[in-house]
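Peer 1: The residues making up each chain are set out below.
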Amino acid sequence: MSYSTINRLTPYIFLAPAVVVMAIALLYPLIYMVFGSFRAWDPSQTIGEAEFAGFANYIALWHDPNFHESLIVTLKFAFSVVSLEMLIGVGLALLLDRSLRGMSVLRTLFILPMMIAPVVVGLIWRYMYHPSIGIFNQTLESIGLGSIDWLGKHALMSVIIADIWQWTPFIFILALAALQSLPRSALEAARIDGASGWQQIIYIKLPLMMPVLIVTCLLRLIDAFKVLEVILVMTEGGPGLSTEILALRISRTATEFRELGVAAAMANYLLILLLMLTVVMLAYNKLQEIKEARIKALIKEEGI
Amino acid sequence: MPKIQLDGLTKRFDDIEVLHSINLEMSDAEFTVLVGPSGCGKSTTLRMIAGLETVSAGEIYIDDRPISHLEPKDRDLAMVFQDYALYPHMNVANNMSFALRLQKRPRKEIDARVREVADMLGLTPYLHRKPAELSGGQRQRVAMGRALTRDSSTFLFDEPLSNLDAKLRTQMRAELALMRQRVHKNMIYVTHDQIEAMTLADRIVVMHDGHIQQQGAPEELYKNPVNKFVAGFLGTPPMNFLHATIESQGDFTYLTGDGFSLRCDAPTLQRLANYTAGEICIGIRPSDLVFDPHADVTTSLSLRVDIAEYIGAQSVLICHCGKQKVMVELKSDTPITLGKQLTFSMALEDLHLFNPSNELAIPRLVDVEATRLIKKTGGNYV
Ligand SMILES: Nc1ncnc2c1ncn2[C@@H]1O[C@H](COP(=O)(O)OP(=O)(O)O)[C@@H](O)[C@H]1O
Ligand SMILES: [Mg+2]
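Chains as they are written, first to last, in numbering that gives the first Met the number 0: chain F, 0 to 303; chain U, 0 to 381.
Only chain U is shown next, with the shape it has when bound in the complex (with noise of 0.2 Å):
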């Protein structure tokens, strides 16, 4: 099972380029996902992987192995399509072993395998249908089966799940989940879900407008986001940003923006030591926020509570805090007044910290001291 590798891989339709040089390497039997809002470039980077659109410039590399010159039944990859892209006129078992039928295997062989394929994914009764005559999750489960049946070491897998339901979606999900365990082979699975992109990840690559921002584990990428996109790309309700100045009163130095004023602690200060600007931009996930009517004021920020979303277990509060909105998410049975002025806390080093011209995070001194870490050991850290 290949390395996949993009080196300066570049897109241009007509003049306008989408992709610019992006750098990935994707190692062995790995589930890589692409994740990034709509239009980031994400199908374009992997329609070039499979050979359906042409590089402009770079190169990509399987095994050291410069491809991009080859037709993609010459890369051995299997793709699985937004919209299925069944073959209308096939029935599913046809539609299954098309790619087999091609290679000339022998009739039993291909026979064997798209029984074994189907058997997995529950699609034996359906052998004889045309796909006009299934419902979109059986249509999903085909062509999932169809790049399954080929058994070549690379999956491409383009928003497969986006055009079901919801229900569906979870299901098929976990089923891709568990399909993931069964089959040791390169994954690259682009998704504009930030939820489908963390939980079927070994490693995600957040991309914006034909950039990768980050790649890492995804819980990597969720602690330690390395600019204020990714932070509020990953995690749903999404981070909270307020805009705050640093002040010094007497010994201490507060952020204090409209509502709040957030006393430094030490290692705050230390992380803040080499930031000279006077602006600096608050970040604080909804659930590192906690209701704490004896919180000290500088640790904590005060909350008028418009409306409370309840979903279960969990309830997301959408709070104004000044003109800002901010979102917390707390147990449902927190006693909770909807239009009253709260107070809820939150420690100083769930706090994300960063340089509002850039955009870029100012990273806490612990992660300084892994990323070095990671980085002697080779880790994947950008």
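Extracted from the complex, chain F is given alone in its bound form (with noise of 0.2 Å):
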């Protein structure tokens, strides 16, 4: 072998193991996952030994009106979440941008939610919305408002709040760091120019964030189709159907139902999903890396 073939050569070798490691540890479950949603499966059998079922898992989740209730939960749970959270966050991240004292350390206070847990996280909120020890319903009753039934009639609606308290602070300290970063005095132009406080945000400051903004909800939007542990801990989906996300279903489905192929077949779906998302996200950087390579183009043509 000459210098050369090995010179080129050495970045894929030491690449390599990296390359087994994702093989063995992503794509196997993955593949496996794939095959076993096209058989009719049984815990007590080995995947071998599983009857062949062509399309007929994922025909009969098509009809299955439970697993179109959980597609229906998650997706109100994944885009009622994103949205609250991109509006709070990014409301807060617009309204500490600015160098206060003590700002740091608020700052820090509101990233804590994000570093807990999820188990935790559910465990703590479990207990904030017990109906008779949890605090909620104890300050609601103790002026005079009478109690919630938090994990009962709207178990969504209080898994929502969780999950908003829990990831709000990611979309916060991404929001805040594109503010940061954004041209300081095209925004005191923009005063110069007359713009109030709204007329900067709506004008200069959103527009300029908005590639950040884009990403992070779709990072966050393919995050909360995968929730899974704070909504186990809190509700187990319950009551009835009501907070039974896909994730959750497709536990149920492969260890209550025994149904592993069915639950293939589920993860798939929702596999599917998320790929779409990721696609939407990748062209959008694709599309963004296009447009500057059409300015420098343009620069280099005209020789400016």
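Calculated from the structure, these hints are not laboratory results. Any given hint might turn out to be false.
Said to hold, decoys possible - Cβ pair distances, simulated, as ranges:
1) 118/U x 111/F: 52 to 60 Å
2) 118/U x 206/F: 23 to 31 Å
3) 38/U x 183/F: 17 to 25 Å
4) 162/U x 138/F: 55 to 63 Å
5) 162/U x 95/F: 30 to 38 Å
6) 98/F x 235/U: 39 to 47 Å
7) 95/F x 103/U: 25 to 33 Å
8) 273/F x 127/U: 34 to 42 Å
9) 37/U x 213/F: 47 to 55 Å
10) 335/U x 98/F: 56 to 64 Å
Glycine is no exception: its CB is placed at the ideal position from the N, C-alpha and C atoms.
Bring the two chains, given one by one in their own frames, into a single complex with the hints.
Peer 2: Following this line, the structure appears as structure tokens:
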């Protein structure tokens, strides 16, 4: 082998261990799942013993009202948490983007919820929502407003609130970073041009933050579709199917209903949904790159 | 068009005072240039006028109305920033019309105004481009256009040309001078470049370390700097400073230093009549030195020429007079030999004299007369 061949191969040799790990840890289970989703598969069987069932699992799911219900809950959950988190996170960032005394402490406090393990978050909120000893109902009753059936009638709203509490900080820090990297002088120019605080936000700050916000939003959306632990700990999907998001239903289908094939097919549906979101995000990034490349080409062409 | 007045304007960042009680008056439609080395507080002054920095003490008056409590948008001024500060997501037309759109002016009026200014600045072909798609010079024009579209009574410029390359800077400087003739507004222009200051200004304000050193017409400041700093700051190549002692020998008084001894004539003696110290600092403009092999030793310097920098019609000689460096500016066709000791004469009335202990100028007698006259007629001379 010549030196140049070795040189050319070097990067791939260095990459090889990572590729092997990826293949085992990521691709193998994925292929296993896709493979399994075409079988009528019971946990007592090995995958080899399971009978091939074609698209039966997928078709059954397509017509299964419980799956529809779960999908709708998931969509409701994901879109409400992400839109509310975006609203609150960006709002907070706009509010706290100034240099006041103690601001850095305040910012650190805001980020804390994100650092707590989801299971712990679930437990904390479950106790706070407790019908009789929970802090919310105790407070409401002590000021004479009567109690709310948090994890019963309003279960979906309650898990949404918990998720907002945990994940708003994620959007907050990204939005704050975006804000602080905005060109200062452009904002000053806007002030001189006569823009009020609101007008600066609407006409200058938000449009300039938009690329970061869009990617943040998509990332959060992908994450929200996969949420499991917090809801599992808080409601276990109940009451009824009211908070049974897809991840939870997949896990229950596999363990309680003992239908591994159906669970795998459901997981694949979710995967397709997430892939679509990811593709949108990548396409958006690509679009930005193309735009930049076009500008560069234009500038080169004119020799300016 | 307003009169702008700074009264004891002071700025502190935390506990550090960077502007020390600035007093300044800018009259109607005047082009005022604040000039000084980097960090002397020019931008801070301008930004306080604009309302982008708070005022620590003192007051800013526009037409005798205090304005330091007003928001920038309520001060009726436009500003051009050093880095242009264009809105990256808006095209040129929208950048220029932003202020008018905020004022909810009629669409037709806005379009007409943008087209007029774009025409004037040669921006018409680029109206639909984003700032990122423009060259540095074009961006600079857009920044200028954005200020012009607003039609406010006062224009502020913070080193608008300093991000351009030398050639473009010269070109834009000329365009600014042209624009200045067409637009009769108050303009306050900040720069560290004394050539920009000299060429553009009706009135130059020289700043140093948060103090105003001197203000007046460019010619006035060039001819009669009040101290060593102003003398050294204005003019290229800069003024030469030579250290000397005042010595009496027989009937004559000499200014003697390392490698020269100048005999004082009657006006110079008069000029020094009230000066009691024995040491003095002599300032000579490089262009005031004339190559003259036959000059009298009492009115000339003997210089060893180290380097000749050819810049076209003129050359700058870098010489030594004893141990002190001296620059001479003369016509390039003057026959000069490098490394030789040559004689350069000067007129004694061209000399600038400074007190080395406080660096203040010792004025010529005519200037003292002129000052009295100017003060009586209300002109500006600090
Ligand atoms: N935001 C700030 N905080 C602290 N010091 C500042 C700030 N802005 C300017 N300064 C200081 O004030 C002085 C004057 O600055 P500036 O007005 O920008 O000078 P220039 O004449 O170069 O425009 C400098 O010493 C600078 O370090
Ligand atoms: Mg500056």
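Peer 1: Evaluate each hint against the coordinates.
Peer 2: Results of checking the hints against the structure:
no.: 1; hint: 118/U x 111/F: 52 to 60 Å; verdict: 57 Å, holds
no.: 2; hint: 118/U x 206/F: 23 to 31 Å; verdict: 28 Å, holds
no.: 3; hint: 38/U x 183/F: 17 to 25 Å; verdict: 19 Å, holds
no.: 4; hint: 162/U x 138/F: 55 to 63 Å; verdict: 59 Å, holds
no.: 5; hint: 162/U x 95/F: 30 to 38 Å; verdict: 32 Å, holds
no.: 6; hint: 98/F x 235/U: 39 to 47 Å; verdict: 41 Å, holds
no.: 7; hint: 95/F x 103/U: 25 to 33 Å; verdict: 31 Å, holds
no.: 8; hint: 273/F x 127/U: 34 to 42 Å; verdict: 39 Å, holds
no.: 9; hint: 37/U x 213/F: 47 to 55 Å; verdict: 40 Å, violated
no.: 10; hint: 335/U x 98/F: 56 to 64 Å; verdict: 59 Å, holds
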